[in-house]
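Using the sequences and the hints, build the whole thing.
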Amino acid sequence: MTTVDDTPWRRALRAYPSSWRDRHGEAMLGTLLDEAEAQGRDEPSRGERIALMRSGLAVRILGWMPQPAREAVATASAATGFALAMVFAVFSGFGERVDWRLPPEGQNLDPQASPGLIAAGLWAIAFVLILCGATRAARIALTATAVAGVGVFVYAQIDPLAGPRAIVTVTLTVFALLVLLAPVRARLAAGVTAAVTTGILLFFHLSFEVPPGSPSDAIWTRVLTAEFTGFLAGAVWVLSLLTAIVRARTVARLVAAVAGVWTIVWLIRLTMWDVATGMLGLAVVVAVGAVGVGIFRAGARWGHGTHPREGAA
Amino acid sequence: MTQEMREPTFLMLTALADGPKHGYALIEEVDRVSRGHVRLKVATLYAALDRLEKEGTIRIAREERVQGRVRRYVELTPDGVGLLAEEVARREVTVAEARRRLALRPAFGGAL
Numbered sequence: 016m017t018t019v020d021d022t023p024w025r026r027a028l029r030a031y032p033s034s035w036r037d038r039h040g041e042a043m044l045g046t047l048l049d050e051a052e053a054q055g056r057d058e059p060s061r062g063e064r065i066a067l068m069r070s071g072l073a074v075r076i077l078g079w080m081p082q083p084a085r086e087a088v089a090t091a092s093a094a095t096g097f098a099l100a101m102v103f104a105v106f107s108g109f110g111e112r113v114d115w116r117l118p119p120e121g122q123n124l125d126p127q128a129s130p131g132l133i134a135a136g137l138w139a140i141a142f143v144l145i146l147c148g149a150t151r152a153a154r155i156a157l158t159a160t161a162v163a164g165v166g167v168f169v170y171a172q173i174d175p176l177a178g179p180r181a182i183v184t185v186t187l188t189v190f191a192l193l194v195l196l197a198p199v200r201a202r203l204a205a206g207v208t209a210a211v212t213t214g215i216l217l218f219f220h221l222s223f224e225v226p227p228g229s230p231s232d233a234i235w236t237r238v239l240t241a242e243f244t245g246f247l248a249g250a251v252w253v254l255s256l257l258t259a260i261v262r263a264r265t266v267a268r269l270v271a272a273v274a275g276v277w278t279i280v281w282l283i284r285l286t287m288w289d290v291a292t293g294m295l296g297l298a299v300v301v302a303v304g305a306v307g308v309g310i311f312r313a314g315a316r317w318g319h320g321t322h323p324r325e326g327a328a
Numbered sequence: 024m025t026q027e028m029r030e031p032t033f034l035m036l037t038a039l040a041d042g043p044k045h046g047y048a049l050i051e052e053v054d055r056v057s058r059g060h061v062r063l064k065v066a067t068l069y070a071a072l073d074r075l076e077k078e079g080t081i082r083i084a085r086e087e088r089v090q091g092r093v094r095r096y097v098e099l100t101p102d103g104v105g106l107l108a109e110e111v112a113r114r115e116v117t118v119a120e121a122r123r124r125l126a127l128r129p130a131f132g133g134a135l
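Respectively, the protein sequence lines represent chains A and B.
Take any residue in the first sequence, count from 1 to its spot, add 15: that is its number in the numbering used here.
Take any residue in the second sequence, count from 1 to its spot, add 23: that is its number in the numbering used here.
No wet-lab data here; the hints were simulated from the structure.
Please note: incorrect hints may appear among the correct ones.
To be verified - Here are the computed lysine to aspartate or glutamate pairs in the EDC-like style, where the Cα-Cα straight-line distance is at most 20 Å: (1) K64/B - E242/A; (2) K64/B - E110/B; (3) K77/B - D37/A; (4) K64/B - D232/A; (5) K64/B - D57/A; (6) K64/B - E41/A; (7) K64/B - E52/B; (8) K77/B - E41/A.
Have a look at this one:
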């Protein structure tokens with residue numbers, strides 16, 4: 016019999032869902048006890064507890080998503096988040112802040128920096144680190160970006176004239192968190208996607224004649240409207256379907272992730288303006304997604320039945 | 024496989040190349056193979072084993088109970104052996120190219 020009381024390890028393993036514990040729990044416990052015995056410990060180390068909690072939470076939250084899909088979403092989120100941050104910084108980072116509570120002669124019309132520039136600046140740093148392959152440093156920068164996003168959001172609630180609109184901070188924070196799903200290793204894909212996305216956003220800014228120094232909500236009321244973001248998400252989904260049909264799997268996965276990211280932008284846009292419409296949009300996405308997965312699985316079964324894998328018995 | 028294999032995965036597959044191993048033996052073997060550079064956490068190990076099992080790269084060979092503890096032995100599948108061989112060949116090409124280019128450097132290389 017084992018001489019170590021395994022209760023503290025069993026408690027730490029509760030971070031994992033029961034389905035995971037059923038599959039791996041006893042084997043994992045055995046390995047944890049083997050290691051503890053070799054290191055002369057009779058309880059989990061602090062690092063071990065943190066690692067188990069983090070890994071357990073990751074399995075609970077993301078266990079349903081395969082690793083390649085997670086990496087594609089992280090890559091698409093990095094590129095899109097960076098593009099949105101840069102467009103925000105250029106068009107809304109500096110501008111005259113008009114205080115409607117003051118008379119015209121009392122206004123300070125000097126360009127002022129938006130606190131949202133902190134989150135945008137951290138986004139730029141994080142993206143450069145991603146492109147340089149500094150994965151760990153990029154994750155730290157992204158965590159700082161998310162924290163800054165929340166901080167600026169709170170500050171903007173206290174002083175609405177100083178901070179950017181909530182939709183800006185919410186979007187930048189959500190994307191920073193999405194990038195943390197997985198390390199971004201497809202650096203070229205991230206760079207190309209960021210360049211294309213920035214180009215599209217700039218093109219529409221110029222088309223809608225949005226000048227630099229505009230209020231932070233100008234992009235959301237004139238460019239990233241519910242109609243436009245919905246159309247963009249739909250168009251990219253069609254593109255991902257086409258790439259999947261020509262069997263360019265890696266590209267299709269990334270394009271689908273970009274489409275998913277723009278679907279998130281669409282849902283954020285809907286929800287921040289009207290929660291009920293946002294929930295309706297979410298219901299539509301879930302319904303369409305369920306039908307899509309059903310068709311995909313049926314197609315996969317059909318393909319498997321008619322084209323047996325090479326080497327299969 | 025079109026994606027580049029990550030170092031911990033390569034080390035794990037290398038550690039399993041000569042036969043099945045249980046969890047702690049695998050951690051020790053990876054530590055040895057990497058000359059002390061990579062020490063896998065148990066949580067990381069099982070997350071990787073779960074992924075590799077789903078991908079069909081490894082499979083459970085057997086389970087034993089030793090001193091009341093479960094020891095699960097895992098081994099490479101034929102697909103896993105092929106994957107490791109491909110990765111080794113890919114790395115050998117890269118290493119050979121690095122050696123060739125280093126040999127081309129002038130004798131005073133790096134002095135400028």
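Evaluated hints:
Distance check on the hinted pair: K64/B and E242/A sit about 47 Å apart at the alpha-carbon level, beyond 20 Å; violated. For the hint linking K64/B to E110/B, the alpha-carbon distance of about 24 Å lies beyond 20 Å, and the restraint is violated. Simply put, K77/B and D37/A have alpha-carbon atoms about 16 Å apart, close enough for the 20 Å limit, and the pair holds. Distance check on the hinted pair: K64/B and D232/A sit about 46 Å apart at the alpha-carbon level, beyond 20 Å; violated.
A distance of roughly 17 Å separates the Cα atoms of K64/B and D57/A; the hinted pair therefore holds under the 20 Å criterion. Between K64/B and E41/A, the direct Cα distance comes to roughly 16 Å. Compliance with the 20 Å bound is thereby established for this hinted pair. Under the criterion of a C-alpha separation no larger than 20 Å, the hint pairing K64/B with E52/B is consistent with the structure, at around 13 Å. Between K77/B and E41/A the alpha-carbon distance is near 19 Å, which keeps this suggested pair within the 20 Å criterion.
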